[in-house]
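Now for the letters of each chain:
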Amino acid sequence: MSFLRSRFVQAALILVLSAVILRFGIRPPAPWSVFTLYMAVVFLAVLIFVSSDSDSWRGFIRPIRSTLVDPDQRVLRSALVVVIPLLLGYYAYTQAAAKPQAPAELRAVHPAPPDTIQFRGKQINISGAENPLRKDQASRQKHVAAGAALYIRNCVYCHGDNLDGQGHFARGFNPPPANFQDPGTIAMLQEAYLFWRIAKGGPGLPRESTPWNSVMPSWEDRLTEEQIWQVIMYLYDATGQQPRRWETAH
Amino acid sequence: MRAGVCASGPSAAERACPCSTTSPAPFVAAARSHLRCHARSTSAGTGLAGAGRAPRRHSRRASTGAALGAAVALLASIVVDVAPALAQAGDAAAGQAVYQRKCMGCHGEKGDGKGPAAELLDPKPRDFTSGIYKIRTTSTRMPSDQDLFRVLTEGMPGTSMPPWAVLPERDRWNLIAYIKSFASEKFKEAPKKLELPKEVGASAESIKRGREMFEAIECNKCHGADGRADGPSRPELKDEWGQPIKPANLTKRWTFRGGPSRAAIATRLAAGVLGTPMPAFLDSVEKPDDIWHLANYIASLGPAAPAYGTLLTATAVGEAIPDDPQAELWKKMVGQNIPLMGQVIADPRNFNPSIDLVTVRAAYNDREIAFHLTWDDPTESKPDGKQTFADAIALQFPPTLEPGGERPYVLMGDAAEAVYQLRWDSGKGVSEVTANGPTRVRALAGSEATGKAAYANGQYQVVIKRGLGAQDASRPTFRPAVFTPIAFQAWDGGAGETGTRLSLTSWYYLRLEEPQSKARFVIPPVVALLALGAMLVIVWAANRRGLSVS
Amino acid sequence: MRKARGAFIALALVVAGAAAFIGGPGSAPAQGGGGTIEAEVKYNGAPVVEKLKVNKDTQKCGTEALIEKIVVGPNKGLANAVVSVVGAKGATTAKAGKPVLDQHGCKFVPHVLAMTPGEIDVKNSDDILHNIHTYSTANPSVNKAQPKFKKVMTEKFDKPEIIKVTCDVHSWMLGWVAVLPHPYFGVTKENGVTKIENVPAGKQKVEVWHETLGKQEKEVEVKAGQTVKVGFEMKK
Chain A
1 MSFLRSRFVQ AALILVLSAV ILRFGIRPPA PWSVFTLYMA VVFLAVLIFV
51 SSDSDSWRGF IRPIRSTLVD PDQRVLRSAL VVVIPLLLGY YAYTQAAAKP
101 QAPAELRAVH PAPPDTIQFR GKQINISGAE NPLRKDQASR QKHVAAGAAL
151 YIRNCVYCHG DNLDGQGHFA RGFNPPPANF QDPGTIAMLQ EAYLFWRIAK
201 GGPGLPREST PWNSVMPSWE DRLTEEQIWQ VIMYLYDATG QQPRRWETAH
Chain B
1 MRAGVCASGP SAAERACPCS TTSPAPFVAA ARSHLRCHAR STSAGTGLAG
51 AGRAPRRHSR RASTGAALGA AVALLASIVV DVAPALAQAG DAAAGQAVYQ
101 RKCMGCHGEK GDGKGPAAEL LDPKPRDFTS GIYKIRTTST RMPSDQDLFR
151 VLTEGMPGTS MPPWAVLPER DRWNLIAYIK SFASEKFKEA PKKLELPKEV
201 GASAESIKRG REMFEAIECN KCHGADGRAD GPSRPELKDE WGQPIKPANL
251 TKRWTFRGGP SRAAIATRLA AGVLGTPMPA FLDSVEKPDD IWHLANYIAS
301 LGPAAPAYGT LLTATAVGEA IPDDPQAELW KKMVGQNIPL MGQVIADPRN
351 FNPSIDLVTV RAAYNDREIA FHLTWDDPTE SKPDGKQTFA DAIALQFPPT
401 LEPGGERPYV LMGDAAEAVY QLRWDSGKGV SEVTANGPTR VRALAGSEAT
451 GKAAYANGQY QVVIKRGLGA QDASRPTFRP AVFTPIAFQA WDGGAGETGT
501 RLSLTSWYYL RLEEPQSKAR FVIPPVVALL ALGAMLVIVW AANRRGLSVS
Chain C
1 MRKARGAFIA LALVVAGAAA FIGGPGSAPA QGGGGTIEAE VKYNGAPVVE
51 KLKVNKDTQK CGTEALIEKI VVGPNKGLAN AVVSVVGAKG ATTAKAGKPV
101 LDQHGCKFVP HVLAMTPGEI DVKNSDDILH NIHTYSTANP SVNKAQPKFK
151 KVMTEKFDKP EIIKVTCDVH SWMLGWVAVL PHPYFGVTKE NGVTKIENVP
201 AGKQKVEVWH ETLGKQEKEV EVKAGQTVKV GFEMKK
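Protein chains in written order, with the working numbering: chain A, 1 to 250; chain B, 1 to 550; chain C, 1 to 236.
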């Protein structure tokens with residue numbers, strides 16, 4: 001295993017291993033951008049590692065220099081001189097021949113909520129409001145059960161039985177339905193925020209959240225105020241998430 | 001209050017907003033978020049292979065380097081999250097707790113399939129008390145525990161039953177124990193494994209024989225001559241609970257309840273699908289091998305999973321564009337599949353849409369643009385205005401393109417912003433309409449849109465054509481290289497769909513392709529030559545230095 | 001309903017067995033010395049026939065299918081009613097030959113078939129696809145395809161019960177197979193009459209079953225070598 005002692009081989013091994021682990025070892029798979037970022041960090045670390053002292057650096061440089069200079073490496077050298085430009089040329093071709101991509105869209109996923117909304121002609125405070133059903137601890141289970149029945153009859157088609165945004169209509173819609181199991185959704189929102197989003201649906205979104213695209217219905221047309229709070233209770237109960245609290249004003 | 005902004009576009013969005021981002025095309029976003037958030041379901045095959053091999057590899061190489069071994073072990077531990085599904089005895093009481101949280105909404109507290117959601121679903125949730133199960137690999141009436149486990153884990157495609165791979169395996173076995181307790185009498189008898197004839201590969205010959213058998217045993221009676229679920233017995237079919245039931249569309253294998261593989265198809269053919277009209281054919285084919293020939297033929301009717309389009313492209317053509325949906329031009333073009341979903345925004349809602357896929361081809365020349373649309377519809381409806389309505393399809397566009405990318409509301413616009421639609425209705429033909437919401441749809445005067453439809457064996461093919469330029473402000477202008485928002489809506493009048501009872505898509509983009517530039521032939525050689533030059537310079541420089549140093 | 005019927009039959013069997021046991025050898029009917037029951041079943045109402053337009057296989061099935069829910073013959077005789085002696089015991093191989101249920105002209109022939117437990121031949125005389133789909137509780141239900149080249153299939157019904165038989169390809173096709181634990185039964189013809197021969201002498205309970213009109217029961221005294229008549233009037 002003498003070749004393992006070569007700095008160059010070590011560096012190459014570290015890079016390859018990191019690439020394999022980052023690419024295939026992370027579930028769910030990391031996006032390319034994250035992958036390239038991590039790989040850049042690893043590459044820098046490897047550079048620091050091999051250049052930590054001059055012996056090490058020389059050991060690292062040796063095989064490279066040998067390939068470039070030594071007469072007995074002529075075949076490898078010639079091969080590299082041919083293959084690398086070809087690879088780059090091919091890469092350039094794939095880029096030049098690439099089909100156009102649809103334009104990227106900026107979309108605010110959790111836009112700032114309004115302070116108040118009109119709910120069936122009644123004004124409801126959103127900012128600072130709490131779920132009124134939580135006051136009555138005794139009826140908690142009743143409300144959660146009612147919320148579950150409402151959820152399964154109305155929400156399950158998009159948001160899924162498992163509340164993970166994987167309902168059987170989910171695939172066809174953009175933006176995809178919210179995944180309540182994800183800590184980036186209801187866990188970072190207040191209950192009143194959810195009330196606003198459920199009551200007003202896609203059409204109630206501000207422009208920066210592409211209201212024209214969301215197929216989330218305005219549930220105020222179909223559910224009562226209490227029913228919406230019940231569904232919200234169910235969402236938190238079923239996912240085990242905690243609603244975010246309103247920050248108290250200083 | 002914090003406002004999370006997501007840059008969309010493949011990478012940035014992913015990082016910033018897991019699972020709730022948007023990206024140019026719905027399926028891309030959905031598929032990605034699926035990968036990221038629910039990637040637990042690696043294919044069982046890979047998982048198992050990894051499980052089997054990794055430890056051995058580890059022990060063999062342990063001596064060669066701790067780092068390597070540790071890395072492999074780490075990899076193995078991460079990749080292997082699918083444990084082999086060996087049957088386990090579940091605990092019914094523990095299963096009941098999971099059942100009440102996850103299953104009751106559809107299957108009901110008593111397991112009778114009468115949960116609060118049941119009335120809205122089609123097909124209906126399983127009634128566990130009956131002890132009748134559709135999907136089984138047994139020759140007896142009851143499924144094996146493995147069969148139940150597979151259905152629970154992978155779900156039933158084409159129904160509301162989702163895959164429950166997200167539940168811990170232990171929970172799933174417990175659930176099975178509990179589900180069986182609803183019909184414990186029937187589960188007393190040990191199930192016998194169905195013995196299929198020896199597998200026959202999917203050769204052209206086998207497929208040909210399968211087709212002959214398909215005709216001889218008259219699969220067409222229910223499934224239709226081309227397998228599109230349009231057979232003459234279709235309207236009469238009922239399941240054992242008296243509910244109307246649809247035959248499978250054999251060209252859409254991804255909706256098969258028991259999975260799309262040839263083995264799964266052969267098993268369904270051999271053993272039948274209990275509780276449904278689908279009979280067992282094991283003893284009712286000419287030769288036992290015919291089960292496999294049939295399975296091979298059915299598998300040849302369509303892909304195991306559809307490849308969905310992302311960005312729709314209209315191809316530039318130099319010639320006149322034919323009206324005829326059967327014309328050669330259309331056959332040469334590759335169709336772009338777009339999934340359609342139920343409409344649940346406006347009442348009456350459509351929870352169980354009939355049309356779930358439309359295949360789009362588009363072409364344009366210097367004067368006009370034409371759309372060729374293909375979709376399956378089991379009945380060619382002659383509208384009577386009572387129970388049967390017109391079959392219809394609509395292509396929806398914003399009348400004008402706004403620079404900020406804003407579009408009218410996806411469900412036919414709203415009071416503030418109208419949409420423009422190119423429509424085709426059976427018995428009426430092509431028309432241009434403007435809509436301010438589903439209830440405010442008006443035909444546009446002076447329509448110049450034309451088109452032609454053909455219906456055969458459960459499938460519509462329609463060509464809709466229009467000039468590129470707009471006659472007025474209610475109509476869009478189509479320009480090459482511009483991303484034009486487009487959405488689709490479809491109605492199966494024979495299934496009672498009309499008005500808001502429709503299936504729809506989100507906004508997509510249509511792009512009239514430009515003639516491809518020559519750049520792709522110029523840039524790569526230039527890059528290659530530059531690289532070659534750079535390489536030569538490096539080698540030359542290294543040699544010069546190397547010589548002078550040594 | 002069906003479960004209740006099954007239970008009833010089982011109960012009847014037990015009672016009959018017990019009765020035979022209690023009665024002892026003394027009251028056993030003389031070998032071959034049974035009597036004959038002639039049952040006449042009437043229905044004082046109009047026949048019920050539903051009609052359906054046929055959209056396939058018209059060369060075999062005709063253009064109009066008749067779903068005969070109640071068939072009434074001359075003298076108000078009710079056809080297709082199963083008359084049987086409740087709780088009787090006897091050799092189950094008494095009836096000669098295997099029973100045959102034919103699918104002919106997209107109809108089950110006979111419409112109602114009575115048999116003792118055992119095998120039955122299901123024929124397809126139509127040269128088109130049928131599927132034999134049974135709805136049973138005591139026996140395993142079957143749903144088997146019978147394509148045109150499969151002229152005969154053999155099925156087995158081991159346990160007594162009344163089994164509904166359908167064909168999903170032709171939804172109007174409906175037939176009934178009554179599996180009885182003994183050979184003392186008959187199915188009424190057009191005139192509403194059927195004869196049950198070699199019934200053990202003594203007091204016997206006679207039951208009528210009809211697919212739409214339900215059941216009725218009467219007691220008769222069977223005398224060796226004689227024919228006893230019993231009449232039923234079925235009501236909706």
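Don't read these hints as lab results, they were simulated from the structure.
One or more of the hints may lead you astray.
Claimed, not checked - Pulled from the structure, derived: some chain A residues nowhere near chain B, Cβ distances all over 10 Å: (1) Ile48; (2) Val81; (3) Glu105; (4) Ile124.
Said to hold, decoys possible - Listed next, the in silico DSSO-like pairs over lysine-lysine satisfying Cα-Cα at most 30 Å (straight line): (5) Lys51/C with Lys192/B; (6) Lys287/B with Lys192/B; (7) Lys42/C with Lys150/C; (8) Lys56/C with Lys42/C; (9) Lys208/B with Lys156/C; (10) Lys144/C with Lys193/B; (11) Lys150/C with Lys195/C; (12) Lys218/C with Lys110/B; (13) Lys76/C with Lys229/C; (14) Lys188/B with Lys223/C; (15) Lys287/B with Lys223/C; (16) Lys192/B with Lys148/C; (17) Lys198/B with Lys205/C; (18) Lys60/C with Lys287/B; (19) Lys60/C with Lys382/B; (20) Lys246/B with Lys51/C; (21) Lys76/C with Lys164/C; (22) Lys76/C with Lys159/C; (23) Lys156/C with Lys229/C; (24) Lys229/C with Lys218/C; (25) Lys192/B with Lys60/C; (26) Lys238/B with Lys205/C; (27) Lys51/C with Lys159/C; (28) Lys69/C with Lys223/C; (29) Lys205/C with Lys229/C; (30) Lys186/B with Lys102/B; (31) Lys229/C with Lys238/B; (32) Lys151/C with Lys42/C; (33) Lys144/C with Lys192/B.
Nothing here was measured: the structure is a model prediction, and the numbers come from that model.
Just so you know, even glycine gets a beta-carbon here, dropped at the ideal spot from N, CA and C.
Verification of the hints:
Remark: the non-interface label on Ile48/A is consistent with the geometry, its nearest Cβ contact in chain B lying 18 Å away (cut-off 10 Å). The beta carbon of Val81/A sits about 5 Å from the closest Cβ of chain B, which is not more than 10 Å, so the claim that it is off the interface is violated. With a least CB separation of 5 Å from chain B, Glu105/A falls inside the 10 Å interface cut-off, contrary to its annotation. Non-interface status of Ile124/A relative to chain B is upheld: no Cβ of that chain comes within 10 Å, the nearest being about 16 Å off.
With a CA separation close to 42 Å, the supplied pair Lys51/C and Lys192/B exceeds the 30 Å bound. Between Lys287/B and Lys192/B, the direct Cα distance comes to roughly 22 Å. Compliance with the 30 Å bound is thereby established for this hinted pair. At roughly 39 Å between alpha-carbon atoms, Lys42/C and Lys150/C are farther apart than 30 Å, so this suggested pair is violated. The hinted pair formed by Lys56/C and Lys42/C fails the criterion: a straight-line CA distance of about 36 Å is larger than 30 Å.
Under the criterion of a C-alpha separation no larger than 30 Å, the hint pairing Lys208/B with Lys156/C is inconsistent with the structure, at around 35 Å. Of the pairs offered as hints, the one joining Lys144/C and Lys193/B holds, with about 18 Å between alpha carbons and a cut-off of 30 Å not exceeded. About 34 Å separates the Cα atoms of Lys150/C and Lys195/C, which puts this hinted pair outside 30 Å; it is violated. Under the criterion of a C-alpha separation no larger than 30 Å, the hint pairing Lys218/C with Lys110/B is inconsistent with the structure, at around 40 Å.
A hinted pair counts as satisfied when its Cα atoms are at most 30 Å apart, and Lys76/C with Lys229/C qualifies at roughly 17 Å. For the given pair, Lys188/B sits about 46 Å from Lys223/C by alpha-carbon distance, which is inconsistent with the 30 Å threshold. The suggested pairing of Lys287/B with Lys223/C is violated, with an alpha-carbon distance near 56 Å, which exceeds 30 Å. Between Lys192/B and Lys148/C, the direct Cα distance comes to roughly 29 Å. Compliance with the 30 Å bound is thereby established for this hinted pair.
Simply put, Lys198/B and Lys205/C have alpha-carbon atoms about 55 Å apart, too far for the 30 Å limit, and the pair is violated. Distance restraint check for Lys60/C and Lys287/B: the Cα-Cα separation of roughly 26 Å lies within the 30 Å cut-off, and the hinted pair is therefore satisfied. The straight-line distance between the Cα atoms of Lys60/C and Lys382/B is roughly 28 Å, inside the 30 Å bound, and the hint therefore holds. Between Lys246/B and Lys51/C the alpha-carbon distance is near 23 Å, which keeps this suggested pair within the 30 Å criterion.
Distance check on the hinted pair: Lys76/C and Lys164/C sit about 25 Å apart at the alpha-carbon level, within 30 Å; holds. A hinted pair counts as satisfied when its Cα atoms are at most 30 Å apart, and Lys76/C with Lys159/C does not qualify at roughly 33 Å. A hinted pair counts as satisfied when its Cα atoms are at most 30 Å apart, and Lys156/C with Lys229/C does not qualify at roughly 33 Å. Taken as a hint, the Lys229/C and Lys218/C pair is honoured in the structure, with Cα atoms around 11 Å apart against an allowance of 30 Å.
With a C-alpha separation of about 38 Å, the suggested pair Lys192/B and Lys60/C falls outside the 30 Å cut-off, and the hint is violated. About 38 Å separates the Cα atoms of Lys238/B and Lys205/C, which puts this hinted pair outside 30 Å; it is violated. Distance restraint check for Lys51/C and Lys159/C: the Cα-Cα separation of roughly 34 Å exceeds the 30 Å cut-off, and the hinted pair is therefore not satisfied. Simply put, Lys69/C and Lys223/C have alpha-carbon atoms about 35 Å apart, too far for the 30 Å limit, and the pair is violated.
The hinted pair formed by Lys205/C and Lys229/C meets the criterion: a straight-line CA distance of about 13 Å does not exceed 30 Å. The hinted pair formed by Lys186/B and Lys102/B meets the criterion: a straight-line CA distance of about 24 Å does not exceed 30 Å. Between Lys229/C and Lys238/B the CA atoms are separated by roughly 43 Å; this puts the pair beyond 30 Å, and the hint is violated. For the hint linking Lys151/C to Lys42/C, the alpha-carbon distance of about 36 Å lies beyond 30 Å, and the restraint is violated.
Our distance criterion of 30 Å between C-alpha atoms is met by Lys144/C and Lys192/B, whose separation comes to about 18 Å.
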